[in-house]
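**Student:** Read off the chains here:
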Amino acid sequence: MELTLETRELKFDYDGKPVLDGVSFEVKEGEIFGILGPNGCGKSTMLKNLNKNLSPTDGSVILDGTDLAEIIKRDVARKIAVVPQTNEIHFAFTVREVVAMGRMPFQGMLSGENADDKKIVEYAIERTGLKDLADRHINTMSGGERQRVIIARAIAQTPKIILMDEPTLHLDISMQFDALNLVQELAKEKGLTVVIVSHDLPMVARYCDRILMIHDHKIHALGTPEEILTNENMRTVFNVDADLIKDPKTGRNTVILHDSLSSH
Amino acid sequence: MVAMNKGMKMLMISVIMIVLALVCVFLDLSWVSSTKSYTLQEIIDTLMGNGSWGSDIIIKEINLPRVVAGLFVGAGLAVCGSAMQAVFRNPLASPYILGLSSGASLGAAVSMMFAIPLIPVMITTPLLAFVCCFATMVLVYSMSRIGGTVRTETLILSGVAVSSLLAALVSFLTFIAGENLEGIVFWTMGNLGGASWEEIAFMIPIITTCIVLLITQAKALNAMMLGDIHAMDLGIDVKRTRLIILILTTMIVAAAVSFVGVIGFIGLVIPHILRIILGPDNRAIMPMSIIAGSSFILICDYISHAVAAQFGTLPIGVVTALIGAPVFIYLLMKRKKEVGWN
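Line by line, the protein sequences are chains A and B.
Residue 179 in my numbering sits at position 175 of the first sequence; the count goes up by one each step and never skips.
Residue 1282 in my numbering sits at position 226 of the second sequence; the count goes up by one each step and never skips.
In short, the hints are calculated from the structure, not lab data.
As the structure is a computational prediction, the values presented were derived from the model and not from experiment.
Keep in mind that the hints are not guaranteed to be accurate.
Below, a list of computed lysine to any residue pairs in the SDA-like style, where the Cα atoms sit at most 20 Å apart [to be verified]:
| id | chain 1 | residue 1 | chain 2 | residue 2 |
| --- | --- | --- | --- | --- |
| 1 | A | K52 | B | R1296 |
| 2 | A | K77 | B | I1300 |
| 3 | B | K1065 | A | H141 |
| 4 | A | K123 | B | K1062 |
| 5 | B | K1062 | A | K192 |
| 6 | B | K1062 | A | A119 |
| 7 | A | K192 | A | K21 |
| 8 | B | K1116 | B | E1098 |
| 9 | B | K1390 | A | N143 |
| 10 | A | K21 | B | G1203 |
| 11 | B | K1295 | A | Y18 |
| 12 | B | K1062 | A | D121 |
| 13 | B | K1062 | A | L114 |
| 14 | A | K77 | B | L1299 |
Work out the full structure: start from the sequences and follow the hints.
**Tutor:** As structure tokens, this is what we get:
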């Protein structure tokens, strides 16, 4: 059966103010789906609703035909992994220990990693190029390295869907490409579905198959990058003069940012 | 290979620690006076029922309750400390620093002053200690919570502030109560020897059950140490887990304080030292805290008696603080980054 994630008239209020006001969309299996919008538009809240870290004020999130409200958190974690924004970690867990935590949704309360778990963990470590760093302590690592560890943990979760919250925000440019190239490969190989929340126009244009543009807590537009990243849409939502173009070297989509509209 | 080494290391450390704990038990049982101790043979004979009249009294009736109380209180407080440090994501959190011990002591002191008819003090004391202790936890936690995160500075400050107030209230009560209450020393420095067998028998199941339940949460706590959001992403019901942990730690502290008074710093020092040796994995830290906490409190108890010739028998809290407070200061000074002072 094809795995789907969809929202129906999703509403979320924070302190009585609507952060998401009736949002409906469907993510298809194996696609890279971008949720795009300026800061404060509600896109991070959206992400938290998608894996039940928050519960909608109204409306619903449907995973594989079942309302998330009826699935326990642990079962959600078996299907959906998240790469949150990188934060400092103060305790000296090794990289391998953190990656192994990705197996938690599949383990009993007290049981340790079995042989399968260990193989999956080593696979995730290798896949993210962390082999040489596997015994390093995570509290001594840079933001970029830490995010790679968290991506490895998400892979170790063997999810159907990975949600990424601003994956490019604190990373060096080369690492931004590395992170997104990796999930793109996984999407192609394993049929992994990826949902990326971001305000990074060029990156979203390059990697996403479809884009949901959020403006004023509602859906502004939904479609392919060519359909969505029009000069007009980017003017309205991001207040910039920008165009979608084909990168002359790679032939892939990118966004060229001409200027801000408010500075003149 | 790596796993093998890790397992071997754990086994070796366990054996060393159990031997250490046994040494501590016998050491503390052996004490008679600053000039006389029993030998191992005499202790074993007495415990087996072949002791002399004198050794029966001293080892079985004076030393043994103290040692048993110490074993459980030390274990309980150390496991509490490791659980709290994980929940608060903060190596400085512990029952004493956050004022929980003072909260429990206030409840216990009040219950002893104003006895409720028909209900034995042995039940009202830990019950009221629990209520006050939990209220303190909620108060300190909500005071230090700013915009959904708990910062180290505010957490420690709130703990210290609330703790001073509660300790002052307890001192006030003991002062006006006169003979109804044990002295101020008991409520600020503790006394392992103060608990009767009945009280110990009441305390043991509470502490044991809570420790076992806390250890079942060790894995969830590992994920919470990375951050609540990480734990939620891994399928953990963070709110529920946090509530469970806070209730269990409060119960342990309330039970311990009700019967042996306030003994500080065990919950801070033991998990910290263990993390240096074993790393942060709570599946190792929490069980090891049981043995290490017991050993530590018994060593401190022995020291508090061993200096009797010079100073008289010290309150045990003096010894734990003399060892623990410098560790606390060291943590503040050297681990600014670790505790979140960037």
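**Student:** Could you work out which earlier hints the structure fails to respect and list their numbers in ascending sequence?
**Tutor:** 5 and 7
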